[in-house]
Amino acid sequence: MDTALLVTQLMNGLQLGVLLFLLASGLTLVFGIMDFVNLAHGSFYMVGAFVSASLVLALDSFILGVLLAVPIVVAVGVLTEVIAVRNLYPRNHLDHVLATFGLILIFDELTHIIWSPEGISVPLPHWLQGQVELLPGVILPSYRLVIVGAGLAIACALYYVVSHTRLGMLIRAGASNRTMVGALGIDIKTLFTLVFAIGAGLAGFAGMLIAPITNASIGMGNDIIITAFVVIIVGGIGSMKGAFVAAIIIGLIDTLGRSYLDDFFKLFLGDEAAETSAPAISAMLIYILMAMVLVFKPQGLFPPKVR
Amino acid sequence: MTEPVLHVTNLRKSFGGVCATDNVELSVAPLQTHAVIGPNGAGKTTLISQLSGDLTPDEGMIRFKGRDITHVAPYRRSHLGLARSFQITSVFLDMTVLQNVALAVQGHRGHSFRFWKPVSQDPEIVKPAFATLEQVGLQDRANDPASDMSHGERRQLEIAMALATEPDLLLLDEPMAGMGPEESATMVETLKGLKGEKTMLLVEHDMDAVFALADQVTVLVYGRVIASGAPQDIRSDEAVRRAYLGDEA
Amino acid sequence: MSVEAKTNRILPIGAIGLRGWVMIAVLAFLAVGPYTAHVLGQGFYLDLATRLVCLSIAAVSLNLILGYGGMISFGHAAYIGLGAYCVGIPAYYDYTSGFLHFPLTIVVCGLFALITGALCLRTKGVYFIMITMAFSQMVYFFFVSLDEYGADDGLTIDYRSEFPVVDIEDGVTLYYVCFVSLLAAIYIVHRIVHSRFGMAIRGSRSNEQRMRAVGYNTYAYRLTCYVISGVMCGYAGALLGNYTNFISPEMMDWTRSGELMFMVIVGGSGSLFGPVLGALAFLQLEDQLPHLIQLLGGAFGDLGFSELGQGIKDFSKHWRLIFGLLLILTVLFARGGIDGILKSIERRRRD
Chain W
0 MDTALLVTQL
10 MNGLQLGVLL
20 FLLASGLTLV
30 FGIMDFVNLA
40 HGSFYMVGAF
50 VSASLVLALD
60 SFILGVLLAV
70 PIVVAVGVLT
80 EVIAVRNLYP
90 RNHLDHVLAT
100 FGLILIFDEL
110 THIIWSPEGI
120 SVPLPHWLQG
130 QVELLPGVIL
140 PSYRLVIVGA
150 GLAIACALYY
160 VVSHTRLGML
170 IRAGASNRTM
180 VGALGIDIKT
190 LFTLVFAIGA
200 GLAGFAGMLI
210 APITNASIGM
220 GNDIIITAFV
230 VIIVGGIGSM
240 KGAFVAAIII
250 GLIDTLGRSY
260 LDDFFKLFLG
270 DEAAETSAPA
280 ISAMLIYILM
290 AMVLVFKPQG
300 LFPPKVR
Chain Y
0 MTEPVLHVTN
10 LRKSFGGVCA
20 TDNVELSVAP
30 LQTHAVIGPN
40 GAGKTTLISQ
50 LSGDLTPDEG
60 MIRFKGRDIT
70 HVAPYRRSHL
80 GLARSFQITS
90 VFLDMTVLQN
100 VALAVQGHRG
110 HSFRFWKPVS
120 QDPEIVKPAF
130 ATLEQVGLQD
140 RANDPASDMS
150 HGERRQLEIA
160 MALATEPDLL
170 LLDEPMAGMG
180 PEESATMVET
190 LKGLKGEKTM
200 LLVEHDMDAV
210 FALADQVTVL
220 VYGRVIASGA
230 PQDIRSDEAV
240 RRAYLGDEA
Chain F
0 MSVEAKTNRI
10 LPIGAIGLRG
20 WVMIAVLAFL
30 AVGPYTAHVL
40 GQGFYLDLAT
50 RLVCLSIAAV
60 SLNLILGYGG
70 MISFGHAAYI
80 GLGAYCVGIP
90 AYYDYTSGFL
100 HFPLTIVVCG
110 LFALITGALC
120 LRTKGVYFIM
130 ITMAFSQMVY
140 FFFVSLDEYG
150 ADDGLTIDYR
160 SEFPVVDIED
170 GVTLYYVCFV
180 SLLAAIYIVH
190 RIVHSRFGMA
200 IRGSRSNEQR
210 MRAVGYNTYA
220 YRLTCYVISG
230 VMCGYAGALL
240 GNYTNFISPE
250 MMDWTRSGEL
260 MFMVIVGGSG
270 SLFGPVLGAL
280 AFLQLEDQLP
290 HLIQLLGGAF
300 GDLGFSELGQ
310 GIKDFSKHWR
320 LIFGLLLILT
330 VLFARGGIDG
340 ILKSIERRRR
350 D
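Chains as they are written, first to last, in numbering that gives the first Met the number 0: chain W, 0 to 306; chain Y, 0 to 248; chain F, 0 to 350.
You can take every hint at face value.
Straight-line C-alpha distance at most 20 Å; calculated EDC-like pairs for lysine to aspartate or glutamate:
no., chain 1, residue 1, chain 2, residue 2
1, F, LYS342, Y, ASP143
2, F, LYS123, W, ASP94
3, F, LYS123, Y, ASP53
4, Y, LYS64, Y, ASP167
5, Y, LYS126, Y, ASP143
6, F, LYS123, W, ASP34
7, Y, LYS197, Y, GLU165
What the hints contain is simulated information worked out from the structure, not anything from laboratory work.
In this text, all values refer to a predicted model and were calculated from it rather than measured experimentally.
Chain W extracted, bound-state conformation (with noise of 0.2 Å):
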């Protein structure tokens, strides 16, 4: 097998991997805190691709573009949770998905009026265009690198504000009891749009993150969104360790299989059949995953304590 090419997938399939994380801790942030159904996490993530490639293109700087798009998308979370989002909480988990379908839409529409239809690319500055010889023979385009450790300092980030910051306390307090924080004399009002408005972040980022290599465009969020949802049903929903450990495995094995499951078919399967057969299987990998672990931990791998 060829180490470079593994290597290579290996790194693929961490990058997948830790943009998934980036989408589902807000998602499972939200539902833990808020017990909210958010379709529209997906629309911070285009959002945020948006924003930061006008930034970049206006500003000339791939890090002062993205350093400025952050509170941008944070502040349009803030606008959502207090317009929209905040009269839904006392609904039902229907209506929660309802009108964030809704949101959906008004969003794919205002980025249609603001942007256009056509999407936006993202140039990259010289010295992120280059390549890291990782390894012996092994190179890589070093913004993959940028992608996966600032994916990863920020997964260590959100680690230590749910431990160990006084946030991060209300926030487990008010995964496990609603009612105590409100009796602490916190304003939970504020810290749910607090809240959202991190999970808005958070998806916003993972946008900005990927926007130089796959271009913003519309509708962009709303196909890893679903996959950010396998990654908190594997991971145990409202569990932030279920969510990052689901999305690293989810991106692994997604990227892995579309590589190598012809290989592994062909083991014992005619060539033919395994070429047929493994782009169609491969593509159902993720979902075959979250199917075994139903059956197995129907609460995920990580079931939040209380609940």
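Following the hints, position chains Y and F against chain W.
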């Protein structure tokens, strides 16, 4: 001595270190009314839920009519003749009173894989349902939505639904919960009417009701049985007075 | 009063009521309207009506599990796609008999619903919503990866299903086949929800624990209901595939499932005819909203606000924005949908 309808041995259930049911032994003889009393947090509802199958015990055995039902699914227990009412009123608010009871009757008339004939024109269901409503005095409200009923009436309906399954043992989880004195009196009358006809296991807070109804009383404190016997013996039991009744004196 | 008399009072057969009249009017219109338009040379309306009727059947089937059973499936478009491919793939190999296509649809959709339903129904609430969504996306990606059958680009169906006597190559015949199917679907759902099975399903929606306590194996009833609904929706998909002569994975994208839900909710979930009204509203909005916005822009233009008018006219291509707003407003303020509004008018007139 006749075989007990319900026989519980060494029952144990804990939630994250807290022992809600601790080595409980309990026996209910046919046609007796057996009350389980105990202060808040004594594990009474946990006990009922294990008997009905909504919770699985960690250890121990539940025998019902001589058969081990410890790991039998709740709906199967219902078919075996075990019925429960819920502490938190659990009726179908979007249906009429009659439909609520009809649903319970239907649960006991074989399977419900019958897709074509309307239930409302099925005398096999509607007649027994109506008869059960008469038994608890709700016949005049048959066609009102359950959501229109008072709390007391909903508690009566709760009993009617349990009765409609023609049980051999009724598990009643605080039937007087949240009732005023007048409503309680009606409920006591209803239960008195069933006394001697049905075997009942009654979990209750209302001491007057317990002493008016029960043939046997078991006292549960922190998941453990501290006394069991005839009502008058329990009343005079020193340990019980200290642990429980003393609070009220 | 006898029991029968009392039960008759809950189901007033004599009084039709506003909702009944609306249903009769819509069905009567569907029975003659599209054909008349076709005869008058407006074939477009026959096409629109065929699509409406097919989507209505799908919405009726979704309503059975969503409205009556409380199972919030966000993956029903998968069955439309599966049904359509059950026509398309055999036709690709020149097997054109309808007696192959439709039984195949029933078997494939039934099995898919049985397997995925058995898994989904082990979970509750949000898990259920997301898992149904994920499984439908799985089917989507499955067909995207099948290069033989056109992958992303879809598959053209050269021949419609062949039946003896009834020739659905003819648009009018196809329409009436669909229309009769819709009537049958509504009647079947009507019978089911009032039967013992239906009561078991409705009871499980409101209080599953209680249902188990009175002797119901709720899982088995729900799974059966899920399979019935999946098969019915697949049937609608097979009709739709016949009508469009084309299928692509795009038909089962999860946003299509969202649109089916829109129809059920806007029409009124848990009401017999609501989903049809919802499908009607959906297609009308999709078709008319851009024109309406144009008209509004024109009116402003005539009043002298030419720039504003032009702005509104330009906005008409963004009608989806209004669509989204409408959905949110329905959820926030009109829970019962169109049927709920009709019901409250009915009640006010009675008082």
